[in-house]
Amino acid sequence: MVRRRINIVSNLDWVIIGIYLSLIIIGWLNIYSAEFNESGKSVFDLSQRYGKQLLWIMAALVISIIIIIIDSRFYQYFASLLYGLVIIPLILVLVLGTEIHGSRSWFVFGNFHFQPSEFAKCVTGLALARYLCLPNIKLQNFRHLLLSLAIIVFPGILIMLQPDTGSTLVYASLIIVLYREGLPAIYVIVGIILTLLFLFTLIFDKLYIIIALIILVFIFYFFIEKRKRFFFTGITVFIITGGLIWLISLILSLNISIYFMIMLTLVITGIIYSILSYRYKLKYIMLVFVFLIGSVTFTFSVDYVVHNVLKEHQQKRINVLLGLDSDPLGSGYNINQSKIAIGSGGMLGKGYLRGTQTKFNFVPEQSTDFIFCTIGEEWGFAGGAFVVILFVSLLLRILYLAEQQRTRFSRIYGYSVFSILLFHFLVNIGMTIGLFPVIGIPLPFISYGGSSLWGFTILLFIFLRLNASRTEFL
Amino acid sequence: MKNQFENRKFVVGGLLILFALVLLVKLFSLQIIKTSYRLSADNNVLRYVPQFPARGLIFDRNGELIVYNEAAYDLMVVPSQLSAFDTTDLCNLLSMDKTSLETKIQEAKDYSTFIPSPLLKQISSITYARLQEKLFRLPGFYVQTRTLRKYSRDISSHILGYVGEVSDKVINEDPYYKLGDYIGISGIEKSYEKVLRGKKGVNIFLVDVHNRIKGPYQNGRHDELPVVGSNLTATFDADLQAYGEKLMENKTGSIVALEPSSGEVLAMISAPSYKPSLLIGRIRSLNYLNLLQDTLKPLFNRALMASYPPGSTFKTINGLIGLQEKVLFPRSEYYCDLGYYARGIYVGCHNHYSPLDLTRAVQNSCNAYFCNVFRNILDSRQYSDIHESFESWRNHLLSFGFGQTISLDFPNELKGFIPKSSYYDRYYGKTGWSSLTLISLAIGQGELGITPLQMANMTAVIANRGYYFSPHIAKNIDGLEEDQEKTELKHFTSIDSINFTAIIEGMDLAVNGAPGTGSTARIARIDSITVCGKTGTAENPHGEDHSLFLAFAPKDNPKIAIVVVVENGGFGSTYAAPIASLMIEKYLKGSVNRKWIEDYILKTDLIHGQKEN
Ligand SMILES: [Zn+2]
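Order-wise, the sequence lines are chains L and E.
Under numbering that gives the first Met the number 0, residues 0 to 473 are what the first sequence spells out, in order.
Under numbering that gives the first Met the number 0, residues 0 to 612 are what the second sequence spells out, in order.
These aren't lab readings, by the way, just hints derived from the structure by calculation.
For clarity, every value in this text was computed on a predicted model and none was experimentally measured.
Be aware that a few hints might be false.
Stated by the list, open to error - Chain L regions said to be covered by chain E (calculated; three or more residues, Cβ under 8 Å): (1) 177–189; (2) 368–380; (3) 389–395.
Claimed, not checked - Straight-line distance between alpha carbons at most 27 Å, and here's what the computed DSS-like set of lysine-lysine pairs gives: (4) E:108 with L:349; (5) E:33 with E:213; (6) E:213 with L:349; (7) E:97 with E:133; (8) E:245 with E:296; (9) E:193 with E:474; (10) E:193 with E:485; (11) E:198 with E:485; (12) L:349 with E:25; (13) E:133 with E:108; (14) E:245 with E:149; (15) L:137 with E:8; (16) E:33 with L:349; (17) E:108 with L:51; (18) E:485 with L:205; (19) E:198 with E:168.
Where a beta carbon is used, it is the ideal one built from N, C-alpha and C, also for glycine.
Work out the full structure: start from the sequences and follow the hints.
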């Protein structure tokens, strides 16, 4: 046993541990700066966030040692159990949690806040790995794919109910894991198309999108269909049907919307085409048509959800980001403040503790979600780029090690760690510099908060532990 | 562990590098290329001064200005910029003592050391002028201008509502609001907060360590101009409203007047009331507390939030339902021998000619007649049992808007109460009740809760012969298309138009019948205007009964539907009918000729226990 433990220490990946420690130190220094004020006494002052964060860091180190000591097989064998154990507090928090800023995400014990969703990411990775490493599980099999998605989506839905949109979206990043494990490319392509359509629906009127889609489909059809005759028949049928419907509504002075007219035209054209394609064996036409109808339906649903389901402040944030709305003291205020703070940093920054914009409430949540503002303001582009490079190195190292794993379980878990950290890193920094909507997720290892620090520490160190035992079992 | 998908690691890694590059490029452009975000080195501080727009004005239906704004000055403090200053001097200037100044500053510190907090609100313009000269010696202090509500006529507080400081809860939910901002708390100010408030702007200034503004940051490139709030034209008539408030002085109760052809609220009075000017400025919190502790509850809007059994006014509804259900015909006659007797139950009636048909029964308000009608409805053979017939009766009531909120834009409207059959099951058991058990519903007593607004709406339904428009208080908002879909939607009741004739004739006779024919509301008669009305008395277990009267006029093409409730006013004809009649005369003729009735009402004091007359 003694020999094995020594082995493990030398087998640990010290590159990752080095980056981990650097990020934590950078984080604490900047939390200190963001929260620094004249009333704080010492760095151990537990009434201040930097004092508390020191405590969380100590605890995180203890947690990481415990994780390293535990046998690596534990994580694989108990993955499902751990998954179940973390789901329970996710349900309980909906009932017993305390509402803060409109979300029921926290258990509050006196001065201590605990956020169960921060731990759910890690066990979801474990459970996903556990399921996908079973023999004969293939993502090309639709049932298996659905089950894998269910493992991912279930905690996501529970977190959505809190509601915590940011943490929910993190689960979408696990698509990367599925992609690596053989998710058919068609899903990825459809996913990208839907994402683009989604964004366009938010920016442009749905009428333009539908017209653009129709034109696109016709152009596409023009190139794939060799017999041009059918192409021109198609256009003629479409125009005549559309014209007729328009005329009828005009003559009878029916008050129907233009969307309805377009949909009706599409459906009628579709029916005529189905007959044509059946008779002349036009291969692509149905596929193209299904794509068109699908896209149009999707556009309408997104439009409906955005205008009727999303809450006003969520709509606003999206609008501000897309430049459709400016509201300097509302949601745009946060982004503008954040950009002024980072932008004012220049090349080398204003110097440690010299920031003027990131102190106290100019930038909201300056020690949690917007900690990158402090880094950008006080350390300038040099500091910001350094943090970005640290994260990229960490992620590339995880990716490299994941590919080195001998068991499918370890590799999949490694990819889960990669995906989750990647999402947090890109979205958090992206939102502080105005590339992404403010969805309120922390920057791993750097943002203030015990739950998030411990969550990420557990996430990362389980992978380190699995990696250390790479050579142990064959 | 090689597998066919291994090459996908390059896609994943490539995407990571790509996205990271996007971040770096954006960061580079933000920090190095765009100079607009950069601040000069010597520790300059940006000060964000919100620019508050003037709140939208409110006019009455005739375009008379009712609510406007005046400037007010708040002294703000930024704790992080404070340095030693002459506290005594400042205390003298603001006429406040040293300890309260210190607590105020501490409170501001607790909120935020860098965000400005109000230290003293609404200082006078004289203090402001004197303060202005000394501000340069007071780093960390500055004065912010904003506006306060003013009222051209001190009326209609319950319609207008008031404006007050935003609560912590709202600040958490809506990022638009910051500590110390104002928000509409009730009435129109609340319902139309979003259009009235306009949109805050912000000026960003560079401020040096001596609290001197060195100029706009980046020449104001990041500033936002405030957008002035939209003006709102309300549906009420200020003269009618003021007159109604005067008539209701020294009484408890309410008046609601609607325009039947549009659902517009012409007047809404809840008495006792308060003056809207009491709830603005620094006097607000003290006055609010006094009003809150007043046992007569002047803050309580009875027109929307009090519910009463509708008493005899409800006979019109039971008559309509009887006709619609075909268990009653206009010519149906019933005898009345000073009341209604059936199996040990007795509902008394007054002395009048007998038998009566429907129109004369409404005119005379005969209890026995409507007990018969009500029992015929519930015992109708079309329904298998009492539950079914009761639910059918109830559905007719729901179509009148009872038991639900009906207005488009009044916050805090009460739903009222119309029992379900299950309600009686709970009390009497499934088979333990019959039409006789519920007989008090025949004459509008018992388990009914109807708000004055709902009664006025029911009057509008009768005036319109079968439908209503949702009552609303906003007529027009500048720069906004009126939501015509909602205001112009006709809500049809389940009663056919033809069935209203007999009831309306009865309401006409109740007011205009020849002397000695048993008309119950001859006091409401106005020469040259045909007023149709119905009296009512709501039984009050806690004291004197409530006096009710509903009416509309003129009979053809009605312009006003009105309901008056006078709490503890006894019979409907005693106070409610003359008040309604005066209101109708005022609205339709512009002035009141029947001075003796006016005097009689004005002299009546039902609150202080000295009944005149
Ligand atoms: Zn009678």
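Hints, one by one, checked against the model:
1. With a threshold of 8 Å between beta carbons, the proposed coverage of the segment 177–189 of chain L by chain E holds, since 4 of its residues qualify and at least three are required.
2. Here the segment 368–380 of chain L counts 3 residues with a CB under 8 Å from a CB of chain E, which clears the bar of 3, and the coverage holds.
3. Coverage of the segment 389–395 of chain L by chain E holds [criterion: at least 3 residues with CB-CB distance below 8 Å; count 4].
4. Pair hint residue 108 of chain E plus residue 349 of chain L holds up; C-alpha atoms about 25 Å apart against a cutoff of 27 Å.
5. Between the alpha carbons of residue 33 of chain E and residue 213 of chain E the distance comes to roughly 22 Å, so the proposed pair stays at or under 27 Å and holds.
6. Of the pairs offered as hints, the one joining residue 213 of chain E and residue 349 of chain L holds, with about 20 Å between alpha carbons and a cut-off of 27 Å not exceeded.
7. Distance hint between residue 97 of chain E and residue 133 of chain E is fulfilled; the C-alpha atoms sit about 18 Å from each other, no more than 27 Å.
8. For the hint linking residue 245 of chain E to residue 296 of chain E, the alpha-carbon distance of about 18 Å falls within 27 Å, and the restraint holds.
9. Distance hint between residue 193 of chain E and residue 474 of chain E is fulfilled; the C-alpha atoms sit about 16 Å from each other, no more than 27 Å.
10. Straight-line distance between C-alpha atoms of residue 193 of chain E and residue 485 of chain E comes to about 19 Å, which keeps the hinted pair within the 27 Å bound.
11. Restraint check: the Cα-Cα separation between residue 198 of chain E and residue 485 of chain E comes to about 26 Å, which is no more than 27 Å; the hinted pair holds.
12. Annotation: proposed proximity of residue 349 of chain L to residue 25 of chain E holds, straight-line Cα distance about 19 Å (limit 27 Å).
13. As the CA atoms of residue 133 of chain E and residue 108 of chain E are separated by approximately 22 Å, the hinted pair is consistent with the 27 Å bound.
14. Annotation: proposed proximity of residue 245 of chain E to residue 149 of chain E holds, straight-line Cα distance about 21 Å (limit 27 Å).
15. Simply put, residue 137 of chain L and residue 8 of chain E have alpha-carbon atoms about 18 Å apart, close enough for the 27 Å limit, and the pair holds.
16. Using a Cα cut-off of 27 Å, the hinted pair residue 33 of chain E and residue 349 of chain L holds, with the two alpha carbons roughly 17 Å apart.
17. For a cut-off of 27 Å, the pair hint linking residue 108 of chain E to residue 51 of chain L stands: about 21 Å separates their Cα positions.
18. With a CA separation close to 26 Å, the supplied pair residue 485 of chain E and residue 205 of chain L stays within the 27 Å bound.
19. A threshold of 27 Å between alpha carbons decides the hint, and for residue 198 of chain E with residue 168 of chain E the separation of about 20 Å falls inside it, so the pair holds.
Violated hints for the displayed structure: none, as all numbered hints are satisfied.
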